[in-house]
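Visitor: Each chain, written out:
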Amino acid sequence: GAGVSQSPSNKVTEKGKDVELRCDPISGHTALYWYRQSLGQGLEFLIYFQGNSAPDKSGLPSDRFSAERTGGSVSTLTIQRTQQEDSAVYLCASSLGRQGNYGYTFGSGTRLTVV
Amino acid sequence: GQQVMQIPQYQHVQEGEDFTTYCNSSTTLSNIQWYKQRPGGHPVFLIQLVKSGEVKKQKRLTFQFGEAKKNSSLHITATQTTDVGTYFCAGPLRGWGKLQFGAGTQVVVTP
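Protein chains in written order, with our numbering: chain A, -1 to 113; chain B, 5 to 115.
FYI, nobody ran anything at the bench for these hints, they're computed from the structure. There may be inaccurate statements among the hints.
[Claimed, not checked] If the Cβ cut is set under 7 angstroms, some of the chain B residues that face chain A in the computed set are: (1) 37; (2) 46; (3) 49; (4) 52.
A virtual CB, placed ideally from N, CA and C, is assigned to each residue, including glycine.
Please model the complete structure; the sequences and the hints are all you need to start from.
Guide: Structure representation (structure tokens):
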């Protein structure tokens, strides 16, 4: 597609429920990233996929968070047993390559609210 | 660990004035990138600087990469209300395939 597509754009869930967030990157972009942004805060790195390599999960805040990328394209971020502190905007980005040598294209994000 | 720091955190500017925001890294960077996030929006890639001492301009925005490739600046001339937003710099972590983002400079423009 023309840009990075994320769905849903908004998600309200009850504490303790599981949620799945989807990211469809730009076709041909081999690198895919998930970031989290709390209100008025900076970008918190979560996870990074590059081609067929094992993902870099070093930013995941707890084992309730997981992500997968199928066929080197679409990615799903799953949060199990959601907590109120998980409320944030989850941003997905893709880029042409690795080593941070290419600019990121971000999606519009999923605003997650845990009530 | 490697850190990318931005100052100031907040910048209040009168419309028509100039201002500069700064980005500093604890280590040498292969490149520096700048992003702009409008209120309620997502970060948008502005520019990438690669060479030592490089200067690039985009209309009223001037970006500079330091000689030692450890710092960068963004200078905006004749600020307009359309410049409102948060400006992030980012540099690649050595040996890692991801960018380290600074905390951002939030710019508020007073008409």
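Visitor: Run every hint past the structure and note whether it holds.
Guide: Taking the hints in turn, this is what the structure says about them:
no., hint, result
1, 37, "6 angstroms, holds"
2, 46, "4 angstroms, holds"
3, 49, "4 angstroms, holds"
4, 52, "6 angstroms, holds"
Of the numbered hints stated above, none is contradicted by the structure.
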